[in-house]
Structure formats: C-alpha cells, structure tokens
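A.B. asks: Here's the letter readout for the chains.
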Amino acid sequence: MPAAIEVQSLAKSFGRVRALDAIDLTVDAGEFFGLLGPNGAGKTTLISALAGLVRPDSGTARILGHDVVSDYRQARRLLGVVPQELVFDPFFTVRETLRIQSGYFGLRRNEDWIDALLHHLDLTAKADANMRSLSGGMKRRVLVAQALVHRPPVVVLDEPTAGVDVELRRELWEFIQSLNRDGHTIVLTTHYLEEAQNLCTRIAMLKAGRIVALDSTANLLGRLEAHRLRLKLGAGACLPAGFAGKASREPDGFLSIDLKGVDELAALLTGLREAGAAIEDIELGRPDLERVFVKVMRSA
Amino acid sequence: MICSTGFRTLLRKELLRFWKVGFQTVAAPVVTSALYLLIFSHVLEEHIQVYAAVSYSAFLVPGLAIMSVLQNAFANSSSSLIQSKVTGNIVFVLLAPIGHAELYAAYVLAAVVRGLMVGLALLAIASVWIDLAWAAPHWILVFAVLGAAILGTLGIIAGIWAEKFDELAAFQNFLILPLTFLSGVFYSIHSLPPFWRDLSHYNPVFYMIDGFRYGFLGVSDVSPALSLAVVSGCLLVLAAATLQLLRTGYKLRA
Ligand SMILES: Nc1ncnc2c1ncn2[C@@H]1O[C@H](COP(=O)(O)OP(=O)(O)OP(=O)(O)O)[C@@H](O)[C@H]1O
Ligand SMILES: [Mg+2]
Numbered sequence: 271m272p273a274a275i276e277v278q279s280l281a282k283s284f285g286r287v288r289a290l291d292a293i294d295l296t297v298d299a300g301e302f303f304g305l306l307g308p309n310g311a312g313k314t315t316l317i318s319a320l321a322g323l324v325r326p327d328s329g330t331a332r333i334l335g336h337d338v339v340s341d342y343r344q345a346r347r348l349l350g351v352v353p354q355e356l357v358f359d360p361f362f363t364v365r366e367t368l369r370i371q372s373g374y375f376g377l378r379r380n381e382d383w384i385d386a387l388l389h390h391l392d393l394t395a396k397a398d399a400n401m402r403s404l405s406g407g408m409k410r411r412v413l414v415a416q417a418l419v420h421r422p423p424v425v426v427l428d429e430p431t432a433g434v435d436v437e438l439r440r441e442l443w444e445f446i447q448s449l450n451r452d453g454h455t456i457v458l459t460t461h462y463l464e465e466a467q468n469l470c471t472r473i474a475m476l477k478a479g480r481i482v483a484l485d486s487t488a489n490l491l492g493r494l495e496a497h498r499l500r501l502k503l504g505a506g507a508c509l510p511a512g513f514a515g516k517a518s519r520e521p522d523g524f525l526s527i528d529l530k531g532v533d534e535l536a537a538l539l540t541g542l543r544e545a546g547a548a549i550e551d552i553e554l555g556r557p558d559l560e561r562v563f564v565k566v567m568r569s570a
Numbered sequence: 012m013i014c015s016t017g018f019r020t021l022l023r024k025e026l027l028r029f030w031k032v033g034f035q036t037v038a039a040p041v042v043t044s045a046l047y048l049l050i051f052s053h054v055l056e057e058h059i060q061v062y063a064a065v066s067y068s069a070f071l072v073p074g075l076a077i078m079s080v081l082q083n084a085f086a087n088s089s090s091s092l093i094q095s096k097v098t099g100n101i102v103f104v105l106l107a108p109i110g111h112a113e114l115y116a117a118y119v120l121a122a123v124v125r126g127l128m129v130g131l132a133l134l135a136i137a138s139v140w141i142d143l144a145w146a147a148p149h150w151i152l153v154f155a156v157l158g159a160a161i162l163g164t165l166g167i168i169a170g171i172w173a174e175k176f177d178e179l180a181a182f183q184n185f186l187i188l189p190l191t192f193l194s195g196v197f198y199s200i201h202s203l204p205p206f207w208r209d210l211s212h213y214n215p216v217f218y219m220i221d222g223f224r225y226g227f228l229g230v231s232d233v234s235p236a237l238s239l240a241v242v243s244g245c246l247l248v249l250a251a252a253t254l255q256l257l258r259t260g261y262k263l264r265a
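Top line first, the protein sequences correspond to chains U and F. If you number the first sequence the way the numbering used here does, the last residue is 570 and the count never jumps. If you number the second sequence the way the numbering used here does, the last residue is 265 and the count never jumps.
The set of hints was computed from the structure by calculation and includes no laboratory data. Treat the hints with care, since some could be wrong.
To be verified - Below, simulated BS3-like cross-link-like pairs (lysine-lysine); rule was C-alpha separation at most 25 angstroms, straight line:
1. F:K96 to F:K175
2. U:K502 to U:K516
3. F:K31 to U:K396
4. U:K530 to U:K502
5. F:K262 to F:K175
6. F:K31 to U:K409
7. U:K409 to F:K96
8. F:K96 to F:K31
Values in this document were obtained by computation on a predicted structure and should not be read as measured data.
In isolation and in its complexed conformation, chain F is listed as follows (with noise of 0.2 angstroms):
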C-alpha cells in the first residue's frame, strides 16, 4: 500500500517542489549555516572546549549540521501544506484516493530528503577546513533521519494547523527555535547552570543533537541508546497524533 503509485507519485511532486527552488530551499540554508560555521568556530576556538581533547570547531559543526536538518524538514513539509492550503491547490490532494499513511509518509520523506540534503552539503564544506572525526557513522544517520522526520511531522502539524503564514511564523518563532537553541547546539549542556541543564533534558532536540554528535565525537551528554529510545518515542506519538488528524481531516476537510 504505501508504495502505491499514488504515493511515490505524492512524493515525487513533494521532491520536485523543492528542489525546482533549490538555490531557495538547499543552497541558500547551506550558506547560512557555512557562514555561522565560519565566524563562530573563528571567533570561539581559542575560548570554548567542551570534551577534553575535541576542538570546539569539531564540536560545533555537528550541531550546526543536525539543526539545518532540523529547520529544512521543518521548513519543507510545513510549507509546502500551507503554500497548497492558501492557494487551495491541496484540493488535488485530497480528491485523490490516497490514504492517510501515504500521505503522511510522503510529506514526511520529503522533508527527511531535503534535510539530509542540506546537513550533507554542510558536512561536505565543513570539512575543508575542520577535521572532522566520524567516529560512529551509523549514528549519525539515524539520528539525522529520525530528527528530520520529527520536524517533518511537526511540519505537517504545524502546516495544517495555520491558517496564514504569521501562524505558521508563530508556530516555527514560539515551539521550533525556542527548542533548537535551548538543545546544546553550540554548547554542552553540562556548561549550563543545573535548573536550565535539568530543562535539557525534557527537550527531545537536545538528544537528537547530542545522539548526532555521538557518531561524530565518540563522546556525548547521555548515551545514545538513551538519545535513540527518546528520539523514537517522540516520533512515533507524534506520527499517531498526526495521523489522527489526518484521519478526522482537522482543518483540511470543512
């Protein structure tokens, strides 16, 4: 069922509608984030070490890499759904005799795509100029996959939730940034003060990146088992709830 025509075609529009906006929808997050690399491992590197013996640039580019993943799946699927909502072209969609699995999966192996896209054009700049170490390269995958298809998800949520893009706005500026940010990207968690280093670890994108930054490094804040148990707990409540709203068609069937 799910690798009906109907979905690999689904998916297939999903992956075009991207990439026919590459320069937009890759190039462009792949720049940014090289250009954050660039200054903050620059300006941090004689100041910040959080492992003994790992450069803080080694330590950063890992974070910066998961968290572009991170936003591009969330930037994928949440707007491609409001794009089709607002202009109403989600009609085609939904006149389709195709489930709610296969949508949901469709949307949700876009966004892995186009976030392992950017994290490994990020990855591959890096290491120009950083020595990266890869130390356990199966971890690295699966949290990078993992960690975009939660965000995939949330995009999903988040897109048939808004209504209008400042929702959409509100939703990425108020839930998604917030818990990036406060996740340990450019710091460990360790180096926080306890209450905020306790507030951690409630946050799941905290073990999506430390997880990622195990395969890198060898080292991390908790166990990757841990990270990998936490990391497949959230996205299988998440993909139910989605589902559940994809089944009662919340606000995409009147």
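The following block holds chain U by itself, in its conformation from the complex (with noise of 0.2 angstroms):
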C-alpha cells in the first residue's frame, strides 16, 4: 500500500521567502498525523502544494501513489482539504454549497452522507440558511464538511478550529477520530499544541520551510525535556550535580527542572538521596508539548 502522503525534495519560493525548503516528508495511510509550526513557517504552502493549489519549485507530492501534478484528477479525488481561510460562496445555502461540491466530485447522488455531515458538523439546523448568514464557526464547520463530501482518505485540515467554540471544537475531534478509526488518513495543523498533543500519533514541526523534528509524539515528548518537575528541598539541601544548572527557581520557592523522561527522574531522585538532602514537596507535571516546541524552535 502507498503512502498516504508522499513528498520528495519538494521546494517552493515566493520571491525572495523560500516558503519550504526541500522538505521530504512521509504519512503512512491510517496516521493522525499533526503538522506544527509558528506563523509562517510554510504549514499552508505545503498543504496547498498537496492540493495543486500551490505549484511547487522543484521537488514531487504523491497522494496514496499519484503524483499532483502530473495525475492530478486521481490526486485529488483521494484528498480532502480545509483551507485555513475562511472562504465561501455568497450565492448559495449550505447545503447547495455541499450539493455543488459533491458535484464537482462526480457524486450526483449524496444526500444521506450530507445529511450526516451536517448532523456530525452540527449544522442540520442551518441547512437551508445563506452562507452569509453563518457566523465564523458556523463557516469553518462548513468548509470541514465541503473536504468531506468525497469521502476522500486522505483528510487535511489547516487550522480547522480556529474561531469554533470549545464544545463544538471537542465534537468536531470526536468525529476527525471516528473517521481516523475508519481508515481515514488525517493530517492537521493546529496552533493549539495541546490538541495536537492529544490526537496526533506522530508530528512535524516546521521552521522556515525546513522540517526540524519529526518524531512520534510519544517520542517527542519523552525525548525533549517535556516533563516539569517542581519540587521544594529541605533547608540547606541542593540539587545534585549536573541538575543544579537546568533548574531555576520560582516565585513559591519551588525549583522547576524539565526533565526527558523517567530515567531522568529516577537519576535526580537517586542522587538527592545519596546527598541526604528533604524533600519538602514535589509536584510532576504532565509532558506538555508546547514546551518541547518552544525548545525545537529555539534550538532550531
């Protein structure tokens, strides 16, 4: 089986701003696959380059073996993409706006799976109201069931929650994670690095064009210091040797050390027990991977 997605030295330029820089990149069919980056680092210019949206410099984008460009009708029949702008047609209902897209798909017949979208989509009550009537997150939720009317099993969504509120945000994941368990591939981007800490089995993360880590987010998470242990030491104790430098005191008194992983915790552990030194309190966090993202993109 090919690869859900497929990109080789792919490299765009807009003018000067190299947008991606010869990226390489494979997503395994069936991953929820998150891709991170700050503003600008070139997240949307290569989801457009997937979609034909963007014609790329150099380099090749295959969607499950066919390439964009040169096989591009196939290509896109397998994608569904939801643009990061929130875009629509002034002339048409919502549901005119999915009969029109599942036309443009070659789908004459798709009633029912739109009557369900917009039932997952919570949009039923909506159906026959003007696009233009929609609020923002009314929008948004529009633009995921137009990538959706295809079913296509390759699924991209370019910040699909940004303006939708947080109950609609939590059922709009329960309904990406069901078409996940369905064999739908899915990549997103997100600058909530929270959700994708808790939806994505493996993650991307892009800086100017270039792609500076790339790991399962288990391993992201253990590899970069992502757990925060904060702890208060008996008077007169100090850490041991070798922790003392990572670790910087807060305002409680606490001292706050980010650690890689278990092995690391045991390590300190161990040592403030050699030393004799009270441990007053302690407090683990959970790994959280906005910080490891502040750190790849500092050391990046």
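Can you join these two chains into the complex? Each is in its own frame, and there are hints to help.
C.D. replies: Structure below.
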C-alpha cells in the first residue's frame, strides 16, 4: 500500500521567501499526523502544494501514489482539504454548497452523506440558511463538511478549530477521530498544541520551510525535556551535580526542572537520596508539547 | 469527459450564479439596450440610411442585439472569476478533479447562455414596434453563439489576469469597449473614412456584427462565409490560449 502522502525534496519560493526548503515527508495510510510550526513556517504552503493550489518549484508530492501534478485528477479525488482561510460562496445555502461540492467531485446523489455530515458538524438547523448568514465558526464547519463530501481517504485540515467554540471543537475532534478509526488518514495543523498532543500519533515541526523535528508524539514528549518537575527541598539541601544548572527558582520557593523522562527523574531522586537532601514537596506535571515546541524552535 | 458530473455541476453553478440575480444580470442590460434603441431609432430614422430599402431601425436592432450578447457574455465570465478570486472561493473549484477543458467549457457556456438570453429578450422587445426581416436565421444563431463564446473566453482571460476590480474595468474600457464600438454597431463601416474602414477589417468584432446582421437583412459589408472564417479562427486561437493559461495555472495556482 502506497503512503498516504509522500513528499520528496519539495521546494517553493515566493520571491525571496523560501516557503518550503526541500521538504521530505512521508505520512502512512491511517496515521493521525500533526503539522506544527510558528506563523509563516510553511504549513499552508505545504498543504497547498499537496492540493495543487501551489505549483512547487521542484520536488514531487504524491497522494496514495498519485502525483499531484501529472495525475492531478486522481490525487484530488483522494484528498479532502479544509483551507485555512474562511472562504464561502455567498450565492448559496449550506446544503447547496455541499451539493455543488459533491458534484465537482463527480457525485450526483449524495444526500445521505450530506445529511450525516450536517448532523455530525451540528449544522442541520442551518442547512437551508444562506452562507452569508452563518457565524464564523459555522462557516468553518461548513468548510470541514465540504472537504469531506467525497469521503476522501486522506483528509488535511489547516487550522480547522480556529474560531470554533470549546464544545464544538470537542465534537469536531470526536468526529475526525471516528473518521481516523474508519481508516481515513488525517493531517492537521493547529496552534493549540494541546490538541495536537492529544490527537496526533506523529508530529512534524516546521520552521522557515524546513522540518526541524519529526517523530512520534510519545518520542517527542520523552526525548525533549517535556516533564516539568517542581520540588521544594529542605533547608541547606541542594541539587545533585548535573541538575543544578537546569533548575530555576520560582516565586513560591519551588525549584523547577524540565526532565527528559522517567529515567532522568529516577537519577535525580537517587542523587538527592544519596546526598541526604530532604524533599518537602514534589509535583510532577504532565508532559507538555508546548514546552517541547518552544525548545525545538529555539534550538533550530 | 466533457459531460462529466463535475463539468455539469460547474455549469449549473455558473448559470445559477447569474440567474439568482437575474434582475441585474439579464433584465437591466435588456432595458438599457431597449432605451438605446428607442432613442436612436427615433432620432436618426429620418437621417440615416445604410443599405437601400433598409430602415435605420432595422439596421440598428441587430447591431445593438449582438452588442448586448457580447457585452453580457464578457461580463459573466469575467465577473464570476474575479469575484471568486477576490473572495477566495475559487479554491473549491481548484481543489476539485475538474479538467482544464471542462473548466473552460463550463465558464464559456454559461457566458453564452447569459449573452443569448439578453440578446433574445432585446429582439423580442424590439420586434414589438420594429419590423425585423429574418433573412437567414441560422447565421443569426451561429454568429450570436460564436461571438458570445469569444467574449466569454476573453472574459475568462480578463478574470484570470485581473487581480482587482479596477484592473478588470481597465480591460473592459481599453479593450472590449473600443472593439465593440469601432465595429459598426451604429453605422456601416463603408461610411467611414478609408483609414478607419481599413482598420475595422482588423477588428474581429466587426465580423461578428456584420455576420449577425446578415442573418437579419440578407446584406452585409463582407460575405458571411468570410466572417464565419474570421470569427471561428479567432475563437480557436483564444480558446487554445485560455486552455494553456489554465494548464499552467497562471495567476490561479500560486
Ligand atoms: N501567495 C503567496 N505569495 C507570497 N508569499 C507567500 C504566499 N503564500 C505564502 N507566502 C509566504 O510563505 C511563507 C510561508 O507561509 P505559510 O502560509 O505557508 O505559513 P504557515 O506556516 O501556514 O503560517 P500560519 O501559521 O500563519 O498559517 C510566509 O513567509 C508567507 O509570507
Ligand atoms: Mg497557514
């Protein structure tokens, strides 16, 4: 089975800006993949190249083995894209919009699936409302529905939750996860790193058109000081060598240290016990992708 | 391929787009042209005779009709594209597996339909008080369709090229309008000084109007066969150029 997405030394410049700098990336079928990076990193440009909205300067991209340039029809049939910009056609209602989009993909009778999409995205009540009359979050959900009308095996969502309220964001992710369980490959970008951490099994971090980190979410969280330990030591006690430089003192008297994982935690506790240092209080935070992200971006 | 659901959907969407605002896209241009007709034919009826035994009104009606056809065909494809580009919803078409030829055909056909609707409505109104001779109706249809297709194609090119509405207006004012006005809508080019007459022969719109008028009057400045050759050749060249633009993604795909 070919990879869901296969990108080889893909490059794209806009004038002097190198938006994509020879990107190599493979996303396997069935993955839930996250594409992270600061503003202007090149996430949307990469997605646009996959969708044929941007013509790469060099390199290739394939969707399930189909080249997005030479075999564009098949590649586009297999791909559903939720664009980042909130765009809509003001001439039509929600249902008309979804019917038209189905037709573009060659589907004439798609009412059952359209109804299901409207239901899952909580748009049933707005089915016959004109697109102009929807709120921003509703328009965003119509964009998600439009990307899914043809049940594409590969779904790419460029910030699908921007502007969507908490409740609906959760429902949206539940729906996307159920699609993933049914075998759809999901690629998403988001600036809510907690979402990426909870949903994605693998993550690529982009900066200035390059991939600066690419690993499973678990490895990223373990590899890079993702666990924040806070502890309060008894009077006179100090940290073992090797840890003192990494710690910082917080206003409440706690020392905070970012640990790579459980091994490092064990080493620290052993060191403290051997030095006879008393621990008054200890807190271990959940691994946090945001800290990993900040570190990766600083060092890249 | 050309009858695919994708093509038909895009065509239907393009038709709905102008039909939903038909008052502005069909009724308004018909009224404007009917007013032109009313005024010009009244004022000039006694003063101008272009061909023997043909009243000025009978000469003018076909000219105005084809001009409305052409202008509305151009307006339809160009405004649809520029609106989609400016609002960004062009991505829905660009993301879809619709071929270049299908895209082209859908936009052009919608433009032709709107052009013919306006032209037909104007002829219907004019025939209430002006006697129209329908000398060779098949030529009327041929030149209306080909002319609308050419202007619809130019509208696509303009819509792709223009990034803002004022750039589109420039295209319209500096290219389309001079071409249509300097083509014999209101006069026979034989009444022009030699220089302008010769120049008119390089204007493809002149052949559309002359051929179209032949269908009504049975007389024309050049033979309808020549006009057909020029107009068809023109359409082929422009269609090929437009397909090439779509293939390369010029200004549509960054
Ligand atoms: N059509 C374009 N014309 C010119 N420059 C562009 C164009 N599209 C993107 N760029 C530039 O390419 C770079 C990458 O932009 P891109 O939109 O891919 O970033 P992003 O990672 O999606 O950012 P964000 O998180 O803000 O959405 C930026 O410097 C941007 O200014
Ligand atoms: Mg982006």
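A.B. asks: For every hint, state whether the structure bears it out.
C.D. replies: Checked hints:
The suggested pairing of K96 of chain F with K175 of chain F holds, with an alpha-carbon distance near 9 angstroms, which does not exceed 25 angstroms. Between the alpha carbons of K502 of chain U and K516 of chain U the distance comes to roughly 15 angstroms, so the proposed pair stays at or under 25 angstroms and holds. Restraint check for K31 of chain F and K396 of chain U: the C-alpha separation of about 20 angstroms stays at or below 25 angstroms, so the hint holds. Between K530 of chain U and K502 of chain U the alpha-carbon distance is near 20 angstroms, which keeps this suggested pair within the 25 angstroms criterion.
As the CA atoms of K262 of chain F and K175 of chain F are separated by approximately 12 angstroms, the hinted pair is consistent with the 25 angstroms bound. Taken as a hint, the K31 of chain F and K409 of chain U pair is honoured in the structure, with Cα atoms around 21 angstroms apart against an allowance of 25 angstroms. For the proposed pair K409 of chain U and K96 of chain F, the alpha carbon gap of about 18 angstroms is at most 25 angstroms, so the pair holds. At roughly 20 angstroms between alpha-carbon atoms, K96 of chain F and K31 of chain F fall within 25 angstroms of each other, so this suggested pair holds.
This entry satisfies every hint, going by the numbered hints stated previously.
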